Amino acid sequence: MNLRPLGGVSHGFLSKTGMVLGRAFFPLLAVAIIVGTALWGPWVSLGVTVIAIVAALRLL
Amino acid sequence: VSSEARDAAAVLRRWQILAHPQDWHCVIFHVVCLTAYGCAFWLYRHPTAAGIAGPWSRVAFVLASALVLGWISGIDVGVNFHNHSHRPIFTSQFINRWFGRVWTFSGGWPSFFWEYCHVTIHHARLLTTEDWTLPKHTSKGSFENFQRYIITHWPWRISMHLWKDLTARHSLRRRSLRELGIFLALWSIPFWVDPVMALWLWLLPHWIANAFVMNPGMYVQHAGCVPKSPAKPVNHSVVFLSNFFNLTMFNIGFHSEHHDHPRVHWSELPELHMHLKQELIDGEAHVVPFGNYHAAFLLAGDEARQQRFTEQDVGYKGSR
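Each protein sequence line maps, in turn, to chains A and B. Our numbering numbers the first residue of the first sequence as 1 and each following residue consecutively. Our numbering numbers the first residue of the second sequence as 1001 and each following residue consecutively.
If we strip away everything but chain A, and leave its shape as in the complex, we get:
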């Protein structure tokens, strides 16, 4: 039986998935903020948006 090292396969998969998610960080954050409105209300979404913009301007 030819077994491939599980750790290597999962590491490769996880790192590729992580890169795709990392690359799409801002659109995913936008979806979370918009959809999150239904969960935590529009004011929390607005607060998170303002914090994200200020953080980007100061740190990024």
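None of these hints come from the bench; they were simulated from the model. None of these values were measured; they are calculated from a predicted model. It is possible that part of the hints are untrue.
[Claimed, not checked] Sample of chain A residues at the chain B side, in silico, Cβ under 7 Å:
hint, residue
1, ALA24
2, ALA30
3, THR37
Using N, Cα and C, we set each Cβ at its ideal position, and we do this for glycine too.
Starting from the structure of chain A, add chain B where the hints point.
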């Protein structure tokens, strides 16, 4: 290599959709952007389910949504589609053309117009008097005021220049008209669904994307720079080294490298940067440790804040 292996490789190439394996990132990024618009539209049309039935809660929702939609649209067109305009991401010309059209309409642009501005004007005439995509120069030779540029550039100045350029030649005129028609057909869809919703969750984000994401990006990438010459070969663009910025912005921070080698794939820019590092150091390229956003924050401020932008990354020569 055996003939069987060659045949197998040829068959695989025929079925290959993307020009580069990393281009999935571009497709996923754009699809998530369109999903974000779809979610915002759905919630706006179902206010009770979203908990935004009251006027003030709706204002808060629209404001938050417009800001984040504008932000991601600015990246999606200004950086993501930008990569496609230099190196089309699909192997099929037909898919490239149509994916491009449904790529830039969510940033308020016909794809052909954006590509023309960026490739034909900006890259080919970088920092000359003919590069009308960049801020105007003052009598002292520096860029005009940051705020004036971001407010006046899109759509006002851009439309004026595009009108002049694209109506000047018969072939360009016909193509431009066709592309504008396709753009207007796609772009008007949200207005047919709900004009008020389209105003706040479609037009407003596009203005934010252009005025507060793409225009500041153009400004900071070339602020304090000079046209390329034998004496100043790497002083035409600023290099932004923030790792998180480059991860989330398709390595656009390596901007000097990108302008000198626009056909190099975006995923290979960090490697190219390391390869060219000594040239950048020798040529005294302007290298900063942050990204475009902080640069825009600095350049939008008073003289003391603007001065901080001109400082060089102190750790660059040694560690990176």
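Evaluation of the provided hints:
no. : hint  : in the structure
1   : ALA24 : 5 Å, holds
2   : ALA30 : 4 Å, holds
3   : THR37 : 5 Å, holds
Every hint, counting from the list given before, is met by this structure.
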